[in-house]
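Residue-level listing of the chains:
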Amino acid sequence: MTSHTFETMGTVVSLVLPDRAGSGQAVSAVTNRFRDFDERYSLYREDSELSRIARGELALTASSEVLRATYAAALDWRTATGGAFTPHRPDDTIDLNGIVKALAMQAAAQDILHAGFTDWCLNAGGDVLCSGREADGSPWQVGIVDPTNRASLLFAVSMDGARHAIATSGSAERGDHIWSATAIDPRFAQATVIADTIETADVLATAIIAGGSIALESILQRWRVDVLTVARDGEMTATPGFASLLASS
Amino acid sequence: MRTRATLSGIFASVAILLVGWEAGMAAITNTTTGATTTTTGTSAAPTPAPSASAVPGAGASTSPAPATAPSGSFTGSSVNTRYGDVQVQIVVASGTITDVKALRLTDADGRSVQISTRAAPILRSEVLSSQSARVSSVGGATYTSDAYLSSLQSALDQAGL
Numbered sequence: 117m118t119s120h121t122f123e124t125m126g127t128v129v130s131l132v133l134p135d136r137a138g139s140g141q142a143v144s145a146v147t148n149r150f151r152d153f154d155e156r157y158s159l160y161r162e163d164s165e166l167s168r169i170a171r172g173e174l175a176l177t178a179s180s181e182v183l184r185a186t187y188a189a190a191l192d193w194r195t196a197t198g199g200a201f202t203p204h205r206p207d208d209t210i211d212l213n214g215i216v217k218a219l220a221m222q223a224a225a226q227d228i229l230h231a232g233f234t235d236w237c238l239n240a241g242g243d244v245l246c247s248g249r250e251a252d253g254s255p256w257q258v259g260i261v262d263p264t265n266r267a268s269l270l271f272a273v274s275m276d277g278a279r280h281a282i283a284t285s286g287s288a289e290r291g292d293h294i295w296s297a298t299a300i301d302p303r304f305a306q307a308t309v310i311a312d313t314i315e316t317a318d319v320l321a322t323a324i325i326a327g328g329s330i331a332l333e334s335i336l337q338r339w340r341v342d343v344l345t346v347a348r349d350g351e352m353t354a355t356p357g358f359a360s361l362l363a364s365s
Numbered sequence: 103m104r105t106r107a108t109l110s111g112i113f114a115s116v117a118i119l120l121v122g123w124e125a126g127m128a129a130i131t132n133t134t135t136g137a138t139t140t141t142t143g144t145s146a147a148p149t150p151a152p153s154a155s156a157v158p159g160a161g162a163s164t165s166p167a168p169a170t171a172p173s174g175s176f177t178g179s180s181v182n183t184r185y186g187d188v189q190v191q192i193v194v195a196s197g198t199i200t201d202v203k204a205l206r207l208t209d210a211d212g213r214s215v216q217i218s219t220r221a222a223p224i225l226r227s228e229v230l231s232s233q234s235a236r237v238s239s240v241g242g243a244t245y246t247s248d249a250y251l252s253s254l255q256s257a258l259d260q261a262g263l
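Protein chains in written order, with the working numbering: chain G, 117 to 365; chain A, 103 to 263.
Don't take each hint at face value.
[To be verified] Partial list, derived from the structure: chain A residues whose beta carbon lies under 10 Å from chain G:
| # | residue |
| --- | --- |
| 1 | Ala222 |
| 2 | Leu225 |
| 3 | Ser232 |
| 4 | Ser234 |
| 5 | Ser238 |
| 6 | Val240 |
| 7 | Ser247 |
| 8 | Ala249 |
| 9 | Ser252 |
| 10 | Leu254 |
| 11 | Gln255 |
[What the hints assert, rightly or not] Across the chosen pairs, the derived CB separations fall in these ranges:
| # | chain 1 | residue 1 | chain 2 | residue 2 | range |
| --- | --- | --- | --- | --- | --- |
| 12 | G | Gly277 | A | Pro223 | 20 to 28 Å |
| 13 | G | Arg168 | A | Asp248 | 22 to 30 Å |
| 14 | G | Thr234 | A | Leu230 | 31 to 39 Å |
[Unchecked claim] Only some residues are given here: those of chain G computed to face chain A with a beta carbon under 10 Å:
| # | residue |
| --- | --- |
| 15 | Cys237 |
| 16 | Trp256 |
| 17 | Phe271 |
| 18 | Ile282 |
For the record, the hints were derived by calculation from the structure and aren't laboratory data. Don't be surprised by glycine CBs; every beta carbon is placed ideally from N, CA and C.
Kindly generate the complete structure, drawing on both the sequences and the hints.
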């Protein structure tokens, strides 16, 4: 296995792939995939399509079909989470950062699978989507950093369950811009969600950070996900499924 | 106000449980009434008013239940609500509700809703014991390109696993 890294979307993507023919092409496909999403949606890029919409140079109705589909998906998440997740900044600018990285990861996963790889691990800025197993046949193990000490791990989970997507959202990281259409509940410092898709995991982790305990309860009633939260006072909660995935050694 | 409208969505699922509670209580009330016709009708302990405050344990503040107060599990009939089908079971000990279980809950589209998953407090030691695991990837709240350089993931990538 070799780890391939590249910079995109203001962060770094690491892709671990077996060393065999085709890995170079797979890495290229994934790199291009992230670049496409970055160029279309990143607001830090003045020339992105979304920046042109934000500046009023391009009407949303005249934007590309794919951008409108992404915006519609984000609005669906806004509705589903009761506004805890929202694609709108407080000044009403459309910001799709909360969903675009996950969508790029899902598209990249398809690229990797089409290239014939079934054992791989994709980490985009701290959100992890993996498939299959490590080279020695053991399940992928993902460590999650301690929000109070980035140099250490708080815990590690074994990705040997049915779900292979794990996303973490935190209120302390500058890279995470948490907005909400509801009042922000500052209870949680960090939330980690394991879900069927990285899109679900990422959005719901953000919604839990924004919506606090009420959002967490609501989400656990409506989605098949496992969650571990770290409150600002250090107290942690975990769903039974999450607790059973904690790595044993 | 917009905030109110958007809040309603997230409270909808809470409402499901409350509606379920009320629906279940309505059915259970009937059952209990039928079963206790021979006892005094003045004892209200087994059927506290369904409200948000009627959580398990709330009945403890009422006056001591008479010896004839019912114990056991009581299952309400399945009730169709605008949120979906709801069926609730309560566990009663000497007239005090000690537990409430939603036996069936579907959303408006008929899909079953998972409600057994609850986030429970977990001891730090339980979590920390997993720290020593050999990890292949390091997750966390999104880091910037700069932060990556000093991150554990960066160290892993450089080590080439």
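Now for the hints, and whether the structure bears them out:
no.: 1; hint: Ala222; result: holds (6 Å)
no.: 2; hint: Leu225; result: holds (8 Å)
no.: 3; hint: Ser232; result: holds (4 Å)
no.: 4; hint: Ser234; result: holds (7 Å)
no.: 5; hint: Ser238; result: holds (5 Å)
no.: 6; hint: Val240; result: holds (5 Å)
no.: 7; hint: Ser247; result: holds (5 Å)
no.: 8; hint: Ala249; result: holds (7 Å)
no.: 9; hint: Ser252; result: holds (8 Å)
no.: 10; hint: Leu254; result: holds (6 Å)
no.: 11; hint: Gln255; result: holds (6 Å)
no.: 12; hint: G:Gly277 <-> A:Pro223: 20 to 28 Å; result: holds (22 Å)
no.: 13; hint: G:Arg168 <-> A:Asp248: 22 to 30 Å; result: holds (27 Å)
no.: 14; hint: G:Thr234 <-> A:Leu230: 31 to 39 Å; result: holds (33 Å)
no.: 15; hint: Cys237; result: holds (5 Å)
no.: 16; hint: Trp256; result: holds (5 Å)
no.: 17; hint: Phe271; result: holds (4 Å)
no.: 18; hint: Ile282; result: holds (6 Å)
Of the numbered hints listed earlier, not one is contradicted by the structure.
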